[in-house]
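Position chain B against the provided structure of chain A, taking the given hints into account.
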Amino acid sequence: MTATFLYWAIFIAQTFFALGMVCAMVRLLRGPRAQDRVLALDTLYVNAMLLTLAFGMREGSALYFEIALAIALLGFVATAALAKFLLRGEVIE
Amino acid sequence: MSGIPGWAAVLAGLFLLLGATLTLIGSVGLLRLRSFYDRVHPPTMGTTLGTGSVLIASMILFSALEERLVLREILIGIAMTVTTPVTFMLLMQAARHRERAEEGKQACSSD
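As you go down the protein sequences, you meet chains A and B in turn.
Take 0 as the starting number for the first sequence in numbering that gives the first Met the number 0 and just add one per residue.
Take 0 as the starting number for the second sequence in numbering that gives the first Met the number 0 and just add one per residue.
The following block holds chain A by itself, in its conformation from the complex (with noise of 0.2 Å):
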């Protein structure tokens, strides 16, 4: 019963964190300026690295945990350097 909770509620979880990359990805297509495609593309990788841990949390095994840390920590490369490229970048004319 419990387990059968558990399940639905993975998927449940998993299906939402899907919806937030659509969202994302629409906002990331859409996006009127640089800085909103910045910006999605954070909320995009988080979302990415949440349904990660929600593999592994379906399946018991601590590999996702991995994926998830390396999702983590590259995203924030990813957005700080990007930042730093619409700081700089279009300055120069």
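Hints may be right or wrong, so weigh each one.
[Said to hold, decoys possible] Not everything, but these chain B residues come out facing chain A in the computed CB check (under 7 Å):
1) 19
2) 29
3) 57
[As the list claims (entries may be wrong)] What follows is a list of derived Cβ distance ranges for each label pair:
4) A/83 <-> B/31: 24 to 32 Å
5) B/36 <-> A/62: 35 to 43 Å
6) A/66 <-> B/104: 38 to 46 Å
7) A/32 <-> B/9: 42 to 50 Å
8) B/13 <-> A/87: 43 to 51 Å
9) B/84 <-> A/58: 31 to 39 Å
10) A/72 <-> B/34: 27 to 35 Å
11) A/29 <-> B/62: 39 to 47 Å
12) A/29 <-> B/96: 19 to 27 Å
13) B/105 <-> A/6: 55 to 63 Å
14) A/77 <-> B/71: 22 to 30 Å
15) B/102 <-> A/69: 38 to 46 Å
16) A/25 <-> B/20: 13 to 21 Å
17) A/73 <-> B/103: 29 to 37 Å
Hints are computed from structural coordinates only; laboratory data are not their basis.
All values derive from a computational prediction rather than experimental measurement.
Glycine is no exception: its CB is placed at the ideal position from the N, C-alpha and C atoms.
Okay, now just chain B, sitting in the frame of chain A:
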């Protein structure tokens, strides 16, 4: 997944649902709000409370599954709490910088 006690399964499921709902609300907010300065706020719901809830759910589940205290998810928590403010502050600086540069350009062209 069948060998875990009931309370751990229920608690982990509830925390997971809470985190997923908060993250989805944040992502929908990112899609729906109007200006960039409004849109900076909602994703932080997913990065703070959403991530925190999912990490707690994962900790409870793996602690029950491996029958020992599993706290490795705190690493992700630390990484997210330290990095998110830095990236968002950099992004806000970039946005303000770009807007000021554009205003300067418009003022120059209207003169």
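| task | May I ask which of the numbered hints given earlier this structure violates, with the numbers listed in increasing order? | result | Violated hints: none; all satisfied.
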